[in-house]
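> Got chain H sorted already, so can you dock chain D onto it with the hints?
Number of protein chains: 2
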Amino acid sequence: MSLTSFTSYEGRQLFKEALNAGMVENYFSLVGNFTTQTETSYCGLGSLAMVLNAMEVDPGQTWKGVWRWYSDEMLECCAPLDLVKEKGITLEQFVCLAKCHGLEARSQRFDHTTYDQFKADLYKTATEPGHHMVISFDRASLGQTGIGHFSPIGAYHAEKGLCLVLDVARFKYPSYWAPIEMIW
Amino acid sequence: MSLTSFTSYEGRQLFKEALNAGMVENYFSLVGNFTTQTETSYCGLGSLAMVLNAMEVDPGQTWKGVWRWYSDEMLECCAPLDLVKEKGITLEQFVCLAKCHGLEARSQRFDHTTYDQFKADLYKTATEPGHHMVISFDRASLGQTGIGHFSPIGAYHAEKGLCLVLDVARFKYPSYWAPIEMIW
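Read top to bottom, the protein sequences are chains H and D.
Position one of the first sequence corresponds to residue 1 (our numbering), numbered consecutively onward.
Position one of the second sequence corresponds to residue 1001 (our numbering), numbered consecutively onward.
Please keep in mind that the hints were generated in silico from the structure rather than gathered at the bench.
Keep in mind that the hints are not guaranteed to be accurate.
What the hints assert, rightly or not - Derived lysine-lysine pairs resembling DSSO-like cross-links, with alpha carbons at most 30 angstroms apart:
no.: 1; chain 1: D; residue 1: Lys1119; chain 2: H; residue 2: Lys99
no.: 2; chain 1: H; residue 1: Lys160; chain 2: H; residue 2: Lys172
no.: 3; chain 1: D; residue 1: Lys1124; chain 2: D; residue 2: Lys1099
no.: 4; chain 1: D; residue 1: Lys1016; chain 2: H; residue 2: Lys124
no.: 5; chain 1: H; residue 1: Lys172; chain 2: D; residue 2: Lys1119
no.: 6; chain 1: D; residue 1: Lys1085; chain 2: H; residue 2: Lys85
no.: 7; chain 1: D; residue 1: Lys1099; chain 2: D; residue 2: Lys1085
no.: 8; chain 1: H; residue 1: Lys85; chain 2: D; residue 2: Lys1172
no.: 9; chain 1: D; residue 1: Lys1172; chain 2: H; residue 2: Lys160
no.: 10; chain 1: H; residue 1: Lys172; chain 2: D; residue 2: Lys1064
no.: 11; chain 1: H; residue 1: Lys64; chain 2: D; residue 2: Lys1124
no.: 12; chain 1: D; residue 1: Lys1124; chain 2: H; residue 2: Lys16
no.: 13; chain 1: D; residue 1: Lys1016; chain 2: H; residue 2: Lys119
no.: 14; chain 1: H; residue 1: Lys99; chain 2: H; residue 2: Lys124
no.: 15; chain 1: D; residue 1: Lys1172; chain 2: H; residue 2: Lys16
no.: 16; chain 1: H; residue 1: Lys172; chain 2: D; residue 2: Lys1016
no.: 17; chain 1: H; residue 1: Lys16; chain 2: D; residue 2: Lys1119
no.: 18; chain 1: H; residue 1: Lys64; chain 2: H; residue 2: Lys87
no.: 19; chain 1: D; residue 1: Lys1064; chain 2: D; residue 2: Lys1124
no.: 20; chain 1: D; residue 1: Lys1064; chain 2: H; residue 2: Lys64
no.: 21; chain 1: D; residue 1: Lys1119; chain 2: D; residue 2: Lys1064
no.: 22; chain 1: D; residue 1: Lys1016; chain 2: D; residue 2: Lys1087
no.: 23; chain 1: D; residue 1: Lys1064; chain 2: D; residue 2: Lys1172
no.: 24; chain 1: D; residue 1: Lys1016; chain 2: H; residue 2: Lys85
no.: 25; chain 1: D; residue 1: Lys1172; chain 2: D; residue 2: Lys1124
Stated by the list, open to error - If we take Cβ atoms under 7 angstroms as the criterion, some of the chain H residues that face chain D in the derived model are:
no.: 26; residue: Lys16
no.: 27; residue: Thr62
no.: 28; residue: Lys64
no.: 29; residue: Phe171
no.: 30; residue: Tyr173
To be verified - Chain D residues, not near chain H, derived (Cβ > 12 angstroms throughout):
no.: 31; residue: Leu1030
no.: 32; residue: Cys1078
no.: 33; residue: Asp1111
no.: 34; residue: Tyr1123
no.: 35; residue: Asp1138
no.: 36; residue: Ala1140
no.: 37; residue: Gln1144
no.: 38; residue: Ala1169
no.: 39; residue: Arg1170
no.: 40; residue: Pro1174
A virtual CB, placed ideally from N, CA and C, is assigned to each residue, including glycine.
The following block holds chain H by itself, in its conformation from the complex (with noise of 0.2 angstroms):
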């Protein structure tokens, strides 16, 4: 199993598959907003900041100038962004600061589900307006350098158990299609 640059010919494939099929539901307002973590350590706040604004939340507080709008540093609570620029962010970190934002998150941890359960939720979000994943990983687990690390979920090509990863972190892996398989 290997991952599929989106911008291959083969990866572009598989997105004009999944587009047909009907499961990029959140694709637009995601991409629309995808963003690059502007810390080494910010792939949890750049991941929650793009759902944000794919969602439209008003951060009810100015970004610059007149504008309303979420910027990973913009994201302090539960933790210090001090501690994050150091360390980056845990998952329950991360869900309390979703909630912070005022939006409905859950965790699932791996060891505390089913794969079934996994593909159910990559379902909804493909297509469900509103439905957001946000993958917290082993970059191992992928075949790629680096430790723990956040990104949402674009697309879900069921057909071909794919999903694709607007990784955060573009300067170093763009976006590409990895097996569920691997990603579960």
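What follows is chain D alone, placed relative to chain H:
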């Protein structure tokens, strides 16, 4: 004539049609590097950073950590950044900046070209790898608030005469399809 949101039902349908017509050649690399201008006057810099990252140009300097990657505030050349922060850049400075970073670039002014040439350029942008178009326009001409603005074109729907504007001021105007006559 009016604009159509990229995330609306109609906007998605237009994308599907453009995709199936093979008119989104440079969309995937561009959208994978979609960015928000980091200052309200950095629309030109943000647009160019997207194109440079989409074309995988090596900035020859690190962004953060060990990573070589473009963000808009790294684009200081042709005009001092302090001045850009205050006034933005001109079309000439945009072209100068693109050349500074190793791209072949040319500007095409509305009053020095023809509508047919504009459509031919759009077609090239939509079908040939590595050909990008960034438009410099008066927001009023699209019925938007604001003045001069830069943004890249992500796709072209030749049949319906529309192009996809990946607007870098995403906090203000998320991506939209615009009639090419209005853009022209």
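> Does each hint hold? Answer for all of them.
Verification of the hints:
1. With a CA separation close to 47 angstroms, the supplied pair D:Lys1119 and H:Lys99 exceeds the 30 angstroms bound.
2. Distance hint between H:Lys160 and H:Lys172 is fulfilled; the C-alpha atoms sit about 26 angstroms from each other, no more than 30 angstroms.
3. Taking the CA atoms of D:Lys1124 and D:Lys1099, the gap is about 20 angstroms. The hint holds against a cut of 30 angstroms.
4. Simply put, D:Lys1016 and H:Lys124 have alpha-carbon atoms about 21 angstroms apart, close enough for the 30 angstroms limit, and the pair holds.
5. Pair hint H:Lys172 plus D:Lys1119 does not hold up; C-alpha atoms about 35 angstroms apart against a cutoff of 30 angstroms.
6. Proximity of D:Lys1085 to H:Lys85 is assessed by CA-CA distance (about 27 angstroms); at most 30 angstroms being required, the pair is judged to hold.
7. Restraint check for D:Lys1099 and D:Lys1085: satisfied, since their Cα atoms lie roughly 21 angstroms apart, inside the 30 angstroms limit.
8. For the proposed pair H:Lys85 and D:Lys1172, the alpha carbon gap of about 28 angstroms is at most 30 angstroms, so the pair holds.
9. Of the pairs offered as hints, the one joining D:Lys1172 and H:Lys160 is violated, with about 37 angstroms between alpha carbons and a cut-off of 30 angstroms exceeded.
10. Between the alpha carbons of H:Lys172 and D:Lys1064 the distance comes to roughly 11 angstroms, so the proposed pair stays at or under 30 angstroms and holds.
11. Simply put, H:Lys64 and D:Lys1124 have alpha-carbon atoms about 36 angstroms apart, too far for the 30 angstroms limit, and the pair is violated.
12. Proposed proximity of D:Lys1124 and H:Lys16 is supported: the alpha carbons are some 21 angstroms apart, at most 30 angstroms.
13. Our distance criterion of 30 angstroms between C-alpha atoms is met by D:Lys1016 and H:Lys119, whose separation comes to about 25 angstroms.
14. A hinted pair counts as satisfied when its Cα atoms are at most 30 angstroms apart, and H:Lys99 with H:Lys124 qualifies at roughly 20 angstroms.
15. Our distance criterion of 30 angstroms between C-alpha atoms is met by D:Lys1172 and H:Lys16, whose separation comes to about 29 angstroms.
16. In summary, the hint linking H:Lys172 to D:Lys1016 is supported, as the alpha carbons are separated by about 29 angstroms, within the 30 angstroms threshold.
17. Note on H:Lys16 and D:Lys1119: the hinted pairing holds, with a Cα-Cα distance of about 25 angstroms set against a maximum of 30 angstroms.
18. Of the pairs offered as hints, the one joining H:Lys64 and H:Lys87 holds, with about 27 angstroms between alpha carbons and a cut-off of 30 angstroms not exceeded.
19. Among the hinted pairs, D:Lys1064 with D:Lys1124 is inconsistent with the structure: their alpha-carbon atoms are about 34 angstroms apart, more than 30 angstroms.
20. The straight-line distance between the Cα atoms of D:Lys1064 and H:Lys64 is roughly 22 angstroms, inside the 30 angstroms bound, and the hint therefore holds.
21. With a C-alpha separation of about 39 angstroms, the suggested pair D:Lys1119 and D:Lys1064 falls outside the 30 angstroms cut-off, and the hint is violated.
22. Annotation: proposed proximity of D:Lys1016 to D:Lys1087 is violated, straight-line Cα distance about 38 angstroms (limit 30 angstroms).
23. Pair hint D:Lys1064 plus D:Lys1172 holds up; C-alpha atoms about 27 angstroms apart against a cutoff of 30 angstroms.
24. With a CA separation close to 40 angstroms, the supplied pair D:Lys1016 and H:Lys85 exceeds the 30 angstroms bound.
25. Taking the CA atoms of D:Lys1172 and D:Lys1124, the gap is near 29 angstroms; set against the 30 angstroms cutoff, the hint holds.
26. With a least beta-carbon distance of about 6 angstroms to chain D, the hint placing H:Lys16 at the interface is held under the 7 angstroms criterion.
27. Among the interface hints, the one on H:Thr62 is violated; its C-beta lies about 10 angstroms from the nearest C-beta in chain D, farther than the 7 angstroms criterion.
28. Taken as an interface hint, H:Lys64 checks out: its beta carbon lies about 6 angstroms from the nearest beta carbon of chain D, inside 7 angstroms.
29. The closest approach between the C-beta of H:Phe171 and any C-beta of chain D is roughly 4 angstroms, which is under the 7 angstroms cut-off, so the hint is satisfied.
30. Because the smallest distance between the Cβ of H:Tyr173 and any Cβ of chain D comes to about 11 angstroms, over 7 angstroms, the interface hint for this residue is violated.
31. With 12 angstroms as the threshold on Cβ separation, the claim that D:Leu1030 sits away from chain H is violated: the shortest Cβ distance comes to roughly 10 angstroms.
32. With a minimum CB-CB distance of about 23 angstroms to chain H, D:Cys1078 clears the 12 angstroms threshold, and the non-interface call stands.
33. Distance to chain H confirms D:Asp1111 as a non-interface residue, since its nearest Cβ pair spans about 31 angstroms, more than 12 angstroms.
34. Look at D:Tyr1123: its CB is around 19 angstroms from the nearest CB on chain H, clear of 12 angstroms, so calling it non-interface holds up.
35. With a minimum CB-CB distance of about 19 angstroms to chain H, D:Asp1138 clears the 12 angstroms threshold, and the non-interface call stands.
36. With a closest Cβ-Cβ approach of about 19 angstroms to chain H, D:Ala1140 is found to remain outside the 12 angstroms limit, as its non-interface label requires.
37. Distance to chain H confirms D:Gln1144 as a non-interface residue, since its nearest Cβ pair spans about 14 angstroms, more than 12 angstroms.
38. The beta carbon of D:Ala1169 sits about 8 angstroms from the closest Cβ of chain H, which is not more than 12 angstroms, so the claim that it is off the interface is violated.
39. Non-interface call for D:Arg1170 relative to chain H: violated, since the shortest CB-CB distance, roughly 6 angstroms, does not exceed 12 angstroms.
40. For D:Pro1174, the requirement that its beta carbon stay farther than 12 angstroms from each beta carbon of chain H is not met, with the minimum near 5 angstroms.
When held up to the earlier numbered hints, the structure conflicts with 1, 5, 9, 11, 19, 21, 22, 24, 27, 30, 31, 38, 39 and 40 and fits the remainder.
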